[in-house]
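Chemist: If you want the building blocks of each chain, they are given just below.
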Amino acid sequence: MMVTVKRVVLDILKPHQPNALEFSRAIAETGVDYHVRLTVIEVDQNTESVQVEVQGSAVDFEEVQSAITGMGGSLHSIDLVEVQSRSDMG
Amino acid sequence: MSLLQQARFLLRITRTHHIVRRYFVVNGFDGALTMMGLITGFIISAPDNLTVIINVCLGAAIALGMSGISSAYVSEVAERKRALGKLEEAMVADLQESAHGDAARWVPLLLALVNGSAPLVISLLILLPIWLSNIGTPLPVPPLYAAIGVALLLVFLLGVFLGRIADISWLRSGIQTLLVAVVTAALIYLLAGY
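Those protein sequence lines, which keep their order, are chains A and B. Position one of the first sequence corresponds to residue 1 (our numbering), numbered consecutively onward. Position one of the second sequence corresponds to residue 1001 (our numbering), numbered consecutively onward.
Think of the hints as simulated: they come from the structure by calculation, not from any bench. For every residue, glycine included, the Cβ atom is placed at its ideal position computed from N, Cα and C. It is possible that some hints are incorrect.
Stated by the list, open to error - Partial chain B-side listing against chain A, Cβ under 7 Å, derived:
(1) ILE1013
(2) LEU1087
(3) ALA1090
(4) MET1091
(5) ALA1093
(6) LEU1095
(7) ALA1099
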């Protein structure tokens, strides 16, 4: 049985820089077919809360998290997960 | 990401790209005027040994470069540490391993290199005609006057660069900086000539 992550929605606190475009791009670069959607929820003086949705045929959560912390972001919560199981026998 | 892209990225996230420009122009201008002042002094003194002139000017150029590197590095390390501390406070997280941590380590070095290399490179360009003449290359004008010409051209180009940044007339901006150089040379002639 193989389980793959198809979609995750993350609540992240990040500095203003890198901006939303660079931040999303860095996350998308961790996979080959990722579709990343970033929504800014709240803007403070030095930080902003964003919701990031990552979709792909097999989302590597560790890599996504590593890209987030690499850009200075901090993962607050995993708000939605979509996984799929598939039998190895085909 | 290439080294240049990485440098641009770090400057962008720390919003220091405008500081690089400012350091380049301010210290480049310093280098050009210092060399012009030295060479004008040599023209007044009329020495016949070009090697002495080259050594004196090279000494000043290296000192300007070192001064630019060390002063910018010390002040920028403090600035970047403070900025990172404030950001860590806001994020309630340690950012040492993030791009911001990298920026706090590398941006001071980048700014220091620009601050130091600008006067050094500009000074070396101004010294080029004197050095060429010293190794026997024929020049259409005497080497010290050729060096003054290069200095004026570089000062004008720095003005043009400033004009383009400010989105004002490049010619007007170039002439403004050129005037500063001409007034400097005139002052040296007036005060050092007696």
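Chemist: Now, for every hint given, state plainly whether the structure supports it.
Modeler: Status of the hints after comparison with the structure:
1. Interface restraint check for ILE1013 of chain B: the shortest CB-CB distance to chain A comes to about 4 Å, inside 7 Å, so the restraint holds.
2. For LEU1087 of chain B, the suggested interface contact is upheld, since its CB lies about 6 Å from the closest CB of chain A, less than 7 Å.
3. Proximity of ALA1090 of chain B to chain A holds as hinted, the smallest CB-CB distance being about 4 Å (cut-off 7 Å).
4. The interface hint given for MET1091 of chain B holds, since its Cβ lies 6 Å from the closest Cβ of chain A, which is under the 7 Å cut-off.
5. Because the beta carbon of ALA1093 of chain B sits about 5 Å from the nearest beta carbon in chain A, less than 7 Å, this interface hint is met.
6. For the restraint placing LEU1095 of chain B at the interface with chain A, the shortest Cβ-Cβ distance is roughly 5 Å, inside the 7 Å limit, so the hint holds.
7. A cut of 7 Å between beta carbons decides the hint on ALA1099 of chain B: the least distance to chain A is about 6 Å, and the hint holds.
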